[in-house]
Amino acid sequence: MKRKFKNDLRLIGGILLVAIICFILFFATLEPGDFVQISVNGKAIKSFDLNKNTEFEIVTGENDEQINLLVIENGYAFIKSANCPDKICEHHIKIKNSGETIVCLPHKVVISIESVQYEN
Amino acid sequence: MKINIKKITLFGLLTAVSMVLSYVEMLLPPILAAVPGVKIGLPNIIIIFVLYKFTVKQAVIVSLLRVVMVTLLFGNAMVFIYSFAGAVLSICVMSMLKKINLFSVIGISVLGAVSHNVGQTIVAIIILQTKGIAFYMIPLLISGIVAGILIGILGGLLIKRFKKIKLC
Numbered sequence: 010m011k012r013k014f015k016n017d018l019r020l021i022g023g024i025l026l027v028a029i030i031c032f033i034l035f036f037a038t039l040e041p042g043d044f045v046q047i048s049v050n051g052k053a054i055k056s057f058d059l060n061k062n063t064e065f066e067i068v069t070g071e072n073d074e075q076i077n078l079l080v081i082e083n084g085y086a087f088i089k090s091a092n093c094p095d096k097i098c099e100h101h102i103k104i105k106n107s108g109e110t111i112v113c114l115p116h117k118v119v120i121s122i123e124s125v126q127y128e129n
Numbered sequence: 003m004k005i006n007i008k009k010i011t012l013f014g015l016l017t018a019v020s021m022v023l024s025y026v027e028m029l030l031p032p033i034l035a036a037v038p039g040v041k042i043g044l045p046n047i048i049i050i051f052v053l054y055k056f057t058v059k060q061a062v063i064v065s066l067l068r069v070v071m072v073t074l075l076f077g078n079a080m081v082f083i084y085s086f087a088g089a090v091l092s093i094c095v096m097s098m099l100k101k102i103n104l105f106s107v108i109g110i111s112v113l114g115a116v117s118h119n120v121g122q123t124i125v126a127i128i129i130l131q132t133k134g135i136a137f138y139m140i141p142l143l144i145s146g147i148v149a150g151i152l153i154g155i156l157g158g159l160l161i162k163r164f165k166k167i168k169l170c
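Top to bottom, those sequences are chains U and Y.
First residue of the first sequence? That's 10 in the numbering used here, and the numbers climb one at a time after it.
First residue of the second sequence? That's 3 in the numbering used here, and the numbers climb one at a time after it.
Derived by calculation from the structure, the hints in this document are not laboratory data.
Positions of the beta carbon are idealized from the N, C-alpha and C atoms, including for glycine.
Do not rely on the hints blindly, as some may be mistaken.
Unchecked claim - Where chain U lies over chain Y, by a calculated footprint (3+ residues, C-beta under 8 Å):
hint, segment
1, 5-12
2, 45-59
3, 159-167
Unchecked claim - Straight-line alpha carbon distances no greater than 27 Å define the calculated DSSO-like cross-link-like pairs of lysine-lysine that follow:
hint, chain 1, residue 1, chain 2, residue 2
4, Y, Lys101, Y, Lys168
5, Y, Lys9, Y, Lys133
6, Y, Lys133, U, Lys13
7, Y, Lys168, U, Lys105
8, U, Lys89, Y, Lys133
9, U, Lys52, Y, Lys101
10, Y, Lys4, Y, Lys41
11, Y, Lys9, U, Lys13
12, Y, Lys9, Y, Lys41
13, U, Lys13, Y, Lys4
14, Y, Lys162, U, Lys15
15, U, Lys52, Y, Lys100
16, U, Lys105, U, Lys61
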């Protein structure tokens, strides 16, 4: 039993180590981005300048019934309101660094900060 | 394995309890609003109990039945893909750990919880084709450890209480 408990501790330590390494790798590569890219269903549909204040309604769904209101303000992007069931995107913190994302799983919408602009 | 009425009833009951625990968990407010998917994983108590008290095969059946039934009752197709991926990876990992017999209930529960979260994150990355979601892996790993320890302790207590009781 004692031997197993030691193994448990090793296991938990190992997982923590992986998490810490991921954390360091993620923040070491962090830098402010310049563009806000909107993707729906894994396809990029639109891109905005992060330094220009804008509001944009992302309308998705078969009958255009799914709405996420994206707001870009003072170099930060966030979802001001959404009619998805869980509202996780709405509560997400504001993002500005390249690689950061706000995801709305129910609407399959991803807002991501990029350093290059998406071209049509 | 012979199937008799006692077994049918018992596993029906165990599946029902795990479904109720899923429902109870849905009623709880989200623990961390910023990170979707952080939860305790109450149904895992039953899965671990079956894994220890009965066989791997039976634990797999209860786990997958739970996912299917809960989706039919409360979810939709999208929810099913996420829960199914999490449940399959989790039960595979836990069964393997049980077989190699290196860890206690807590260790198995922790790796089960962590693999559940990893499975769901991988599916989210595939469906949304966004690598940025991988960032969520960090809080989900930590929350998996905490939830896994909790569920491991609870599951261990349950197994201990039922040690002398022959169920079927």
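Each hint tested on the structure:
no. : hint                     : verdict
1   : 5-12                     : violated (count 0)
2   : 45-59                    : violated (count 0)
3   : 159-167                  : violated (count 0)
4   : Lys101(Y) with Lys168(Y) : holds (22 Å)
5   : Lys9(Y) with Lys133(Y)   : violated (45 Å)
6   : Lys133(Y) with Lys13(U)  : violated (36 Å)
7   : Lys168(Y) with Lys105(U) : violated (59 Å)
8   : Lys89(U) with Lys133(Y)  : holds (24 Å)
9   : Lys52(U) with Lys101(Y)  : violated (43 Å)
10  : Lys4(Y) with Lys41(Y)    : violated (37 Å)
11  : Lys9(Y) with Lys13(U)    : violated (31 Å)
12  : Lys9(Y) with Lys41(Y)    : violated (31 Å)
13  : Lys13(U) with Lys4(Y)    : violated (33 Å)
14  : Lys162(Y) with Lys15(U)  : holds (20 Å)
15  : Lys52(U) with Lys100(Y)  : violated (41 Å)
16  : Lys105(U) with Lys61(U)  : holds (13 Å)
Hints 1, 2, 3, 5, 6, 7, 9, 10, 11, 12, 13 and 15, counting from the list given before, are not met by this structure.
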